[in-house]
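All chains, full assembly: derive it from the sequences and hints.
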Amino acid sequence: MSEFQVDENGYYGQFGGAYIPELLYPNVKELEDNYLEIINSEAFQKEYLYLLKQYVGRPTPLYYAPNLSDKYGAHIYLKREDLNHTGAHKINNTIGQILIAKHLGKKRIIAETGAGQHGVATATVCALMNLECIVFMGEVDIKRQSPNVARMQMLGAEVVAATSGSKTLKDATNEAIRDWIQHPEETYYLIGSVVGPHPYPDMVARLQAIISEEIKWQLKEQTGKENPDTIIACVGGGSNAAGAFYHYMDDKEVQLVAVEAAGLGIDTGESAATSQLGEVGVIHGSKTILIQDEYGQIVEPYSISAGLDYPGVGPLHAHLFETKRGTFLNATDQEALDAAFELTKLEGIIPALESSHALAVLGKMDLQKDQVIVINLSGRGDKDLETYITELGKRQARGDE
Amino acid sequence: MSKLTQLFKEKPNRLCSVYFTSGYPQLNDTVSVIKGLEAAGIDFLEVGLPYSDPMADGPTIQESSAIALKNGINLDVIFKQLEEIKNQVNIPLIAMGYFNQMVRYGSEKFCEKCQSVGIETLVLPDMPMIEYEKTYKAMFAKYGLSNVFLITPQTSEERIRKIDEMTDAFIYVVASSSITGAKGSISEKQIAYFNRIKSYNLKSTLIAGFGISSKDTFDTVCEHVNGAIIGSAFVKYVGANGVNTINGFVKEIIG
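From first to last, the protein sequence lines stand for chains F and X. Counting from 1, position 218 in the first sequence corresponds to residue 218 in our numbering; the numbering is continuous, with no gaps. If you want our numbering, it's the position in the second sequence, counting the first as 1, plus 1000.
The reader is advised that the hints may include incorrect statements.
[Stated by the list, open to error] If we take Cβ atoms under 10 angstroms as the criterion, some of the chain X residues that face chain F in the derived model are: (1) Met-1055; (2) Thr-1152; (3) Glu-1223.
[Stated by the list, open to error] Below, in silico cross-link-like pairs of lysine-lysine (BS3-like), each with a Cα-Cα straight-line distance of 30 angstroms or less: (4) Lys-167(F) <-> Lys-107(F); (5) Lys-1003(X) <-> Lys-1251(X); (6) Lys-1134(X) <-> Lys-324(F); (7) Lys-29(F) <-> Lys-1134(X); (8) Lys-143(F) <-> Lys-1070(X); (9) Lys-1134(X) <-> Lys-1011(X); (10) Lys-1189(X) <-> Lys-1035(X); (11) Lys-1086(X) <-> Lys-1137(X); (12) Lys-71(F) <-> Lys-369(F); (13) Lys-1189(X) <-> Lys-29(F); (14) Lys-1134(X) <-> Lys-107(F); (15) Lys-29(F) <-> Lys-1198(X); (16) Lys-1189(X) <-> Lys-102(F); (17) Lys-1137(X) <-> Lys-29(F); (18) Lys-1162(X) <-> Lys-1134(X); (19) Lys-167(F) <-> Lys-1236(X); (20) Lys-252(F) <-> Lys-143(F); (21) Lys-1203(X) <-> Lys-29(F).
[Unchecked claim] Residues from chain F that keep clear of chain X, each with C-beta distances beyond 12 angstroms, as calculated: (22) Lys-29; (23) Leu-62; (24) Val-159; (25) Gln-222; (26) Leu-367; (27) Ala-397.
These are calculated hints, taken from the structure and not from any lab test. A virtual CB, placed ideally from N, CA and C, is assigned to each residue, including glycine.
Here you go:
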């Protein structure tokens, strides 16, 4: 078995597991006992792939970016997850999990969301399947991502503000877990990333693995090459990176680059670069690397991007980091903004702020001219327009073009 | 024999325990709360170790924890506070916190400190059984610590029996599918659940928690299990009234 797949106890190396109160044990156990059988069933695969094709719009293009390639002197391809229905890779996972929830007979769906992308993707599949949907979102995120709040409400979801702690993704997750504890029987918790207790990290990685499955044949079709040299993806919890890396984890000649949000800078105290600032610990039911103080209190992270503003990282990524299979880089708020403006101008694509972090490391890497790089463009920038308008104003005031 | 085992031998029913948040409402209230509760006749105490992300707790305990952390509480301060009154406290002390706190502090060092300040039992609601069996059972034993597991209305009989076998303190019977701090009375459904557990004839003492907030709920629960833990209701009380009238709060419940 691959050393990058979860073991029979739910661990990736020393990371993962299920560190949950007894109150959640039956729910998690039910999922653990059933998820593989459901995912591997013919009926599930048929419906999942049908919906991904006809509803989500897959396969998403693998686009050779000529101008970006010229600028950085390498062959750069963009995996266009931004073209998915609802604007990001998140829907690959929600389509899969809603089918699992239906199979388990659950009627009430809860989810957490940071930027709102996962919330929208969950509200969307709940509308599609006619299931009750409650989305927990940090009060701070509700303010900075108001269009997504309206989208969720229009889709019929109830958006509940998480008002504890830093009022961001971490706290939205705490509130969702609490809700699940209080409604154990009829509720399905649809987690949006490769985080949480086993089997969530593995289940979500499998549902996002369609990304690298497509990259494999698309790259072959376009270049004749089996593998790219490098894959770059941003990491908050790490679901888009898990999907983009999934089918390459054992191909050690493929460099896997995970890009974390440095916020204002790694050493400023305002950062979300977990691998650089974190220590081994437990968050949201999983043993992983997280940003914490000497007493194990979880530190509130910071990033301009709500989707990367998370103090932990999925256990698979902690394992990729510890084993050095993954290369962990980071980008600051400003570097991400600059990368977003650069891609928009060079290729006519406005990326999400999260994905802009992945683009931002191109200038920090030592690239070869025949190097084939795939960047997972996990989402589109519509939701970040307000931030981009502010940046545009600054640029205009400075007299940039 | 541990103080707790001794207590259970002497008093098999109507055991009353209180959970309090260390360092709340004021940093140094830990000491007055412990002394006050012992004087008021509480049988044993749950010393809450405030955590930033208390998954199994409701808003009352989370908010009190956030305030305590802001007050400057941490494990070293708590151990120091307990050390100071070690010789003045006779009732058993249990520490309740989260797994990450112990691991980050250094599990062995944590256990050693607990033992030295007189804590003899731990409740870490998010510690998986597999970790306990693999690593912590032996470590806790080395420092004379016993571990408490929780069971809920959804816990299977097989698992309850396994927990009963592994338990040398008591089983923490979560009275409802709920986070701490739930309100209301004890329902027929909960009583049926208590009776189902009783019918298993377990060897362990059964203490109920989560949602015990008044004389009424305490009395009802004690008809079915050996005792109960009052948590959020007490935290709310000291938050509003301070630490000087604890006696009144306790008498109201245990008479």
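These are the hints, each one checked on the structure:
Here the hint on Met-1055(X) is kept, as its CB sits about 6 angstroms from the closest CB of chain F, short of 10 angstroms. Given hint, Thr-1152(X) at the interface with chain F, holds; its Cβ is 5 angstroms from that chain's nearest Cβ, closer than 10 angstroms. The interface hint given for Glu-1223(X) is broken, as the beta carbon of that residue sits about 24 angstroms from the closest beta carbon of chain F, more than 10 angstroms. Between Lys-167(F) and Lys-107(F), the direct Cα distance comes to roughly 27 angstroms. Compliance with the 30 angstroms bound is thereby established for this hinted pair.
Under the criterion of a C-alpha separation no larger than 30 angstroms, the hint pairing Lys-1003(X) with Lys-1251(X) is consistent with the structure, at around 23 angstroms. For a cut-off of 30 angstroms, the pair hint linking Lys-1134(X) to Lys-324(F) stands: about 27 angstroms separates their Cα positions. Restraint check for Lys-29(F) and Lys-1134(X): satisfied, since their Cα atoms lie roughly 20 angstroms apart, inside the 30 angstroms limit. The suggested pairing of Lys-143(F) with Lys-1070(X) holds, with an alpha-carbon distance near 25 angstroms, which does not exceed 30 angstroms.
The straight-line distance between the Cα atoms of Lys-1134(X) and Lys-1011(X) is roughly 33 angstroms, outside the 30 angstroms bound, and the hint therefore fails. Note on Lys-1189(X) and Lys-1035(X): the hinted pairing is violated, with a Cα-Cα distance of about 37 angstroms set against a maximum of 30 angstroms. At most 30 angstroms may separate the alpha-carbon atoms for a hinted pair to count; Lys-1086(X) and Lys-1137(X) meet this at roughly 25 angstroms. For the given pair, Lys-71(F) sits about 11 angstroms from Lys-369(F) by alpha-carbon distance, which is consistent with the 30 angstroms threshold.
As the CA atoms of Lys-1189(X) and Lys-29(F) are separated by approximately 23 angstroms, the hinted pair is consistent with the 30 angstroms bound. Under the criterion of a C-alpha separation no larger than 30 angstroms, the hint pairing Lys-1134(X) with Lys-107(F) is inconsistent with the structure, at around 37 angstroms. Distance hint between Lys-29(F) and Lys-1198(X) is fulfilled; the C-alpha atoms sit about 25 angstroms from each other, no more than 30 angstroms. Using a Cα cut-off of 30 angstroms, the hinted pair Lys-1189(X) and Lys-102(F) holds, with the two alpha carbons roughly 27 angstroms apart.
This hinted pair checks out: Lys-1137(X) and Lys-29(F) have alpha carbons roughly 23 angstroms apart, not beyond 30 angstroms. Simply put, Lys-1162(X) and Lys-1134(X) have alpha-carbon atoms about 15 angstroms apart, close enough for the 30 angstroms limit, and the pair holds. Between Lys-167(F) and Lys-1236(X) the CA atoms are separated by roughly 22 angstroms; this keeps the pair inside 30 angstroms, and the hint holds. A distance of roughly 42 angstroms separates the Cα atoms of Lys-252(F) and Lys-143(F); the hinted pair therefore is violated under the 30 angstroms criterion.
A threshold of 30 angstroms between alpha carbons decides the hint, and for Lys-1203(X) with Lys-29(F) the separation of about 26 angstroms falls inside it, so the pair holds. Not every C-beta of chain X lies more than 12 angstroms from that of Lys-29(F), the closest at about 9 angstroms, which undercuts listing it as non-interface. Chain X leaves Leu-62(F) outside its interface by the beta-carbon criterion, the shortest separation being 39 angstroms against a cut-off of 12 angstroms. Even its closest Cβ contact with chain X, about 19 angstroms, leaves Val-159(F) beyond 12 angstroms, as expected for a residue assigned away from the interface.
Here Gln-222(F) stays apart from chain X, with its beta-carbon at least about 45 angstroms from theirs, past the 12 angstroms limit. With a least beta-carbon separation of about 39 angstroms from chain X, Leu-367(F) lies farther than 12 angstroms from that chain, consistent with its non-interface assignment. For Ala-397(F), the condition that its CB be more than 12 angstroms from all CB atoms of chain X holds, with the nearest at approximately 39 angstroms.
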